[in-house]
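There are 2 protein chains.
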Amino acid sequence: MKPNFSLRLRIFNLNCWGIPYLSKNRGDRVKRLGDFLNMESFDLALLEEVWSEQDFQYLRQKLLPTYPAAHYFRSGIIGSGLCVFSKHSIQEFTQHVYTLNGYPYMIHHGDWFCGKAVGLLVLHLSGLVLNAYVTHLHAEYSRQKDIYLAHRVAQAWELAQFIHHTSKKADVVLLCGDLNLHPKDLGCRLLKEWTGLHDAYLETRDFKGSEEGYTMVPENCYINQRELEPFPLGIRIDYVLYKAVSGLYISCKTLRTTTGHDPHGGTPLSDHEALMATLCVRHSPPQHTPSPTHGSAERSPLVSVLKEALAELDLGMAQACRWATFAGYVIGLGLLLLVLLCALAAKGEVREVAILLWTPSVGLLLGVGAVYLFHMQEAKGLSRSWAELQHVLGRAREAQDLGPESQPALLLGQQEGDRSEEQ
Amino acid sequence: MKPNFSLRLRIFNLNCWGIPYLSKNRGDRVKRLGDFLNMESFDLALLEEVWSEQDFQYLRQKLLPTYPAAHYFRSGIIGSGLCVFSKHSIQEFTQHVYTLNGYPYMIHHGDWFCGKAVGLLVLHLSGLVLNAYVTHLHAEYSRQKDIYLAHRVAQAWELAQFIHHTSKKADVVLLCGDLNLHPKDLGCRLLKEWTGLHDAYLETRDFKGSEEGYTMVPENCYINQRELEPFPLGIRIDYVLYKAVSGLYISCKTLRTTTGHDPHGGTPLSDHEALMATLCVRHSPPQHTPSPTHGSAERSPLVSVLKEALAELDLGMAQACRWATFAGYVIGLGLLLLVLLCALAAKGEVREVAILLWTPSVGLLLGVGAVYLFHMQEAKGLSRSWAELQHVLGRAREAQDLGPESQPALLLGQQEGDRSEEQ
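First to last, the sequence lines map onto chains A and B. Start counting the first sequence at 733; every next residue gets the next number (the working numbering). Start counting the second sequence at 733; every next residue gets the next number (the working numbering).
In isolation and in its complexed conformation, chain A is listed as follows (with noise of 0.2 Å):
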């Protein structure tokens, strides 16, 4: 690579709000998108919410001209609405879906009927390899009491441990997406700190679009203005962060958003607004400054992060395991209640009455055995999240103990790789 190299790209991200039958002006919205991608040539368009196969292929035909490379991630029972459509090609690609996923008995939230994923793309630019990354989390539909918040600090972690062991051979890091987290939320910041990645709307020091960056903003026609009532000026949940590796440099040179708008002002392409980053990436001379995260490791952002997170799957792994004894206890009352039904039947006293309650007595214990089943593998699931995290506090503290000096090489496996890079 040569020394005054530099690479350029336009990314583009945006949650498309593509719910078939639900969503309002679905058609004409991915037309206006698809219009508006092939106009402006971006070497990235990462998209959610396409939960319409069909919506992709209208989008695959219409834009294959300005970006001949696709690919639509496949995953759960609806999809994980992610798709990508890159004007370079796509070397490979590969998905992770996440291992917890809301409850599927909450039918009018849905996120665990959509397999919800992270899915990487590799892609080779002038010698450079880039890993991109878009992912979905699980919705927050109440931040007063929100039941999944174990899941989505389970699904920051998954997402968080994928990017790092996927990307170590990688140049540039790139995730965009909609991670349904404000950007002081716990799994915000655990991705931040444990990835090493950027935030463009922190990094850009040329920002045009919403107030503080928003990407839901109650300009926009298509939101649902009682659930931004908490925030009446909008919430920023969807992102462009980034890295590179070390000997490399990258920074966002423009970031914009719509305004509650589309991008000429007319009725928006969804209920989130659009993110467009111009980032370059450029040689630079290998650097040495400390990370702020080598000071005190008992101080440090990552490890009190990782605290806050271990206490948050505390409190999910106790809240499943009740749930499960529960579910255990009416199994326990169920199946006696089967066995008095088959004593009364026998007698033949109230015996239509017997017969008549046998199904669905039946019915009932398959439903709560399938409810106790759900809630161990709950259990399972958070406390692998539980473990991994545990064990990598445990190293942050080994590397207290041994210095600043020995930090590094004990971390290696992440500081290496992810946090070499200066900005």
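Hints are computed from structural coordinates only; laboratory data are not their basis. There may be inaccurate statements among the hints.
One copy or two, either will do: identical chains are not told apart, so a pair holds if it fits within one copy or between any two.
Straight-line distance between alpha carbons at most 25 Å, and here's what the computed DMTMM-like set of lysine to aspartate or glutamate pairs gives [said to hold, decoys possible]:
#, residue 1, residue 2
1, Lys819, Glu1130
2, Lys901, Glu1120
3, Lys756, Glu961
4, Lys794, Glu1120
5, Lys763, Glu785
6, Lys1039, Asp878
With chain A's structure known, arrange chain B on it following the hints.
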């Protein structure tokens, strides 16, 4: 690294057959396994089918002085059954749970409830990064009519992709486990072709153990003799596979298996045979001998195995769609039946019968609904692997069109990391 650098690794692998209440002499076998592992002091012991976490905790306590590091991979409802004990500090660990793993209604087979997975450990040994993987794929219950074949092929592909994407910075890659695949089975060939892993049994010049390296033999008193009827001498389904990156040379110095008894000739430790390998990693000058895969892409083993896998997944997807369609028709009929029952109950004709049939009909409808959703998700899961395989096949053909010189560059993601080592 010095030119005369050499690293010796002693590896132990065993499917422990540790099903609580079902596996014979489990407690005694686990105790003797612990004694043996303590006595032999391997670098790494990788175990499968440790279904009881109590067994893992017992071994952890027992092995603590010899193997200070250990991890149990939790997943699914029952668990993955995977665990590891290491003489060396574990830098990092994570896991990937396979998207498809049999059918929940095949309760007697039980695989679906386990959450079969692949576990990854990252170790730093003598300045080298070792990625050790342990896995257990879906069992094969009938070779003649294997309803799980597509799932196992998809699992083998996900395993290969997980190794491929997470080992790009590893110097040495090791995979141990019960693949439930014979050496020439599609899944085994796919895994080896895509990752470039070498089979210790085929590579070593010093093998002692069961005939043909079989890991399930009729001499083992715990074996189900009926299951071995089509293979009276035994089968080989447990493996030690490895590779090293360019500049390093890895070889299997010795490979031992038990032969239907425990290592001291007593009753066996499991119904599977244990594998004990001594691997040697040495420095070697970079070589550029063309890999056999780099011939004509159409004739290369990678291309042909990709095509075979695609055909198998096609069959699996068609089957999943047939089941989903069938379930869809049953749902339609069920809904009609419910309407009919409502009409009968309203009219007062055979009212009691109608009311009696109402609940089982609703229950049946819900059950068939679950079957429908399950097979929709199965089709999505298979099509995800299909798309990845199709992409790799496309790139392999592109490489062919551009001539042999361009192949390494085009298939860079795979070839550079996975195939440049020379044995």
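*List, from low to high, the hint numbers that the structure doesn't satisfy.*
The structure breaks none of the hints.
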